[in-house]
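Kindly produce the complete structure, drawing on both the sequences and the hints.
What follows is the residue order along each chain.
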Amino acid sequence: MTKKKKVVIDTGDAGKGTSEIAENANTQEMEERALSVFASERNEDITALVLCLITTFIVLLFTKWVV
Amino acid sequence: MSRTKENIPVFIMGGLLIVYGIIVQTGVLLPLLTYLHVHKSMDLMVTMSFVIGVIALVGAVINSSKEPGNSVFDRFVLQPMGGIVLLLIMAMAIRWYLEPLVIIMSKSLHATLGFDVYKVLNLNYVVLGLLAGVLLTNTYGIPKFAAAGVKCARFVLKMGVIMLGARYSFAELAKLGVYSIWLIGFFVLGTVFLVLWLGNIFKQPKTMTGVLSAGMGVCGVSATVAVAPVVKAKSSEMAYTIGTILSFGIICMFIFPTIGKLVGMNAVQFGAWAGTGILNSAQVAAAALAFNAVDIKTLKVAEIFNITRVLFLPVIVLVLATWFGKESGQKLSFKTVVIDKFPIFILGFLLLFILSSAGLFSPPEHYKGKYIDVSYNKRTEVTPEEWEVLNKAMQAGAFKELNESQMMAVTDLIHQRQIAGNFDERNDKTKFDQVGRARMSELEGVLAAVKAKQVRLSKEVGSAIKHAISQVHKKSKTVVTLTDCMIWFFAFGLIGLGMQITKKAIFQAGGWPLVIGVISGVAKATLSFFIVLWLVKDVVLK
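In order, the protein sequences belong to chains X and Z. Numbering-wise, this note's numbering puts 1 at position 1 of the first sequence, and it's gapless, one number per residue. Numbering-wise, this note's numbering puts 352 at position 352 of the second sequence, and it's gapless, one number per residue.
Just so you know, these hints were derived from the structure itself, not from any lab. Mixed in with the good hints there might be a few duds.
Cβ-Cβ distance ranges computed for the label pairs, FRET-style [stated by the list, open to error]:
id : chain 1 : residue 1 : chain 2 : residue 2 : range
1  : X       : PHE57     : Z       : ASN70     : 29 to 39 Å
2  : X       : PHE57     : Z       : GLN25     : 22 to 32 Å
3  : X       : PHE57     : Z       : ASN377    : 25 to 35 Å
Partner residues aside, some chain Z positions facing chain X, computed with beta carbon under 10 Å [said to hold, decoys possible]:
id : residue
4  : MET159
5  : ILE346
6  : LEU347
None of the values given here were measured: they were computed from a predicted structure. The beta carbon of each residue, even a glycine, is placed where N, CA and C say it ideally should be.
The structure is reproduced here in structure tokens:
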């Protein structure tokens with residue numbers, strides 16, 4: 001069995017230093033994900049959208065509908 | 001025990017926030033907060049301090065008592081807690097103390113320097129937040145307890161872009177007319193392609209060129225944040241783009257008004273040029289006011305041209321998603337670009353824009369939550385004292401320098417005690433509204449003439465007219481609150497973004513992005529100058 005080649009990427013302090021990943025992995029994608037708490041861009045976007053809609057609803061409730 | 005030790009900073013931050021909340025609540029800080037002009041935010045300070053403080057303490061207790069897990073609650077709440085609280089404290093310090101302090105200091109230096117440093121260097125929460133983040137990360141470094149929380153920055157920035165949609169409405173865009181929208185679209189897309197071409201010539205990374213093209217084409221921070229995930233830009237590249245745009249804008253703020261005056265541009269022409277050529281919204285407003293502080297039309301045209309650029313954001317995201325996909329060697333179909341590559345948070349921006357245009361947050365014709373309401377209402381009357389001043393001035397013939405239509409507007413203001421349409425025509429809402437707005441516009445003209453010393457009126461009369469005008473200028477509480485949320489999201493996100501930028505990353509970017517930015521910015525400003533002079537005459541707004 002051949003051992004898979006690894007590469008080291010610099011993810012900065014926020015990414016907790018460096019990570020070792022397989023050479024054929026999408027390093028750019030990995031580097032970006034290391035700087036986010038979300039596993040994918042889509043999850044991040046959907047969560048942002050849902051939280052914004054909740055915020056908007058609460059703001060509407062207290063500035064327009066209840067008062 | 002060791003886990004408790006790890007959470008000590010979070011315990012301290014939580015405790016400090018609660019103590020701060022109590023101190024603000026007692027009113028001890030009132031003189032200081034009044035001096036800083038942030039006393040109106042005292043209630044918010046107390047609420048935020050208590051809520052965040054309690055959440056931090058509870059989080060720290062849970063983190064101290066249990067092993068770190070891999071559940072959703074652990075990954076998204078407990079682990080990033082320390083960093084989130086740190087970023088929030090920094091955002092609070094910047095918004096309530098640092099930013100006001102910078103403004104006060106700049107104003108005190110105005111007499112010596114002749115200009116406001118904070119306006120020229122654009123030292124608002126955006127720049128101060130980024131700088132604070134960069135400074136912390138390159139001196140002390142990111143504290144260990146905050147590392148996971150800093151990773152929330154981009155996510156929160158996206159929330160800021162979504163909220164941006166609530167500030168604008170289609171009615172404002174429609175005022176420009178198709179002709180002006182073509183003009184703006186041509187410059188936005190033209191700049192994007194110019195930057196992409198220059199990036200190719202100067203052999204810059206595609207990630208950097210992609211994000212810079214959006215920043216230079218559309219407008220500063222929001223476009224940079226919106227496009228970054230599409231072109232996979234790094235935090236340092238985003239920061240570099242924001243820096244380039246703001247630096248270029250500073251030069252424009254000085255040069256644009258001078259050139260505009262030299263060539264004798266009229267108010268509308270300059271507004272259109274500044275709104276097209278200058279990138280940052282605050283700098284557009286500053287240049288418009290520097291050109292003409294009397295005629296409000298300059299600022300209004302400049303701002304409308306500027307916001308229309310923001311509304312091109314989804315189009316630019318699509319264009320850059322296609323470009324980046326092709327440059328990366330992917331075969332992209334229409335479906336891949338529109339459905340798979342199109343960021344969902346930009347759809348959120350569009351959704352809020354649609355809701356805003358539909359009038360959910362404010363009457364549909366609002367602009368950043370501000371709208372004009374000339375309906376007949378007892379509450380919009382001038383005070384009895386002001387009415388007395390106006391009436392006496394009329395009887396004494398103080399308004400004889402006004403033209404006929406201005407005189408009629410003042411006469412009606414005295415007659416109805418407020419700016420409104422004709423009471424008898426109140427059932428025909430369109431006509432009533434038109435007449436009311438026309439009267440308001442005439443009264444604004446009176447104030448402008450007084451400011452320009454073409455007409456002489458007493459201070460009391462001027463302030464009575466000013467009050468009558470301000471009475472019909474309403475502000476939507478909903479849009480104001482949503483805008484506040486947006487500002488907090490951006491402040492939080494930009495501090496976190498700054499924390500991800502190391503010295504190494506800044507030096508790696510080098511000076512080429514700045515060169516590309518300046519070339520494309522100058523090209524856009526020059527071309528738009530000639531086109532505006534050639535095509536835009538006087539009336540742009542419908």
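Hints and how they fare:
Separation of X:PHE57 from Z:ASN70 is about 31 Å and conforms to the stated range, judged on CB atoms against 29 to 39 Å. At about 29 Å, the CB distance of X:PHE57 to Z:GLN25 agrees with the hint of 22 to 32 Å. At about 29 Å, the CB distance of X:PHE57 to Z:ASN377 agrees with the hint of 25 to 35 Å. The interface hint given for Z:MET159 is met, as the beta carbon of that residue sits about 5 Å from the closest beta carbon of chain X, less than 10 Å.
Taking 10 Å as the C-beta cut-off, the interface hint given for Z:ILE346 holds, the closest approach to chain X being about 9 Å. For Z:LEU347, the shortest C-beta to C-beta distance to chain X is roughly 7 Å, which falls under 10 Å, so the interface hint holds.
Going through the hint list in order, the structure satisfies each hint without exception.
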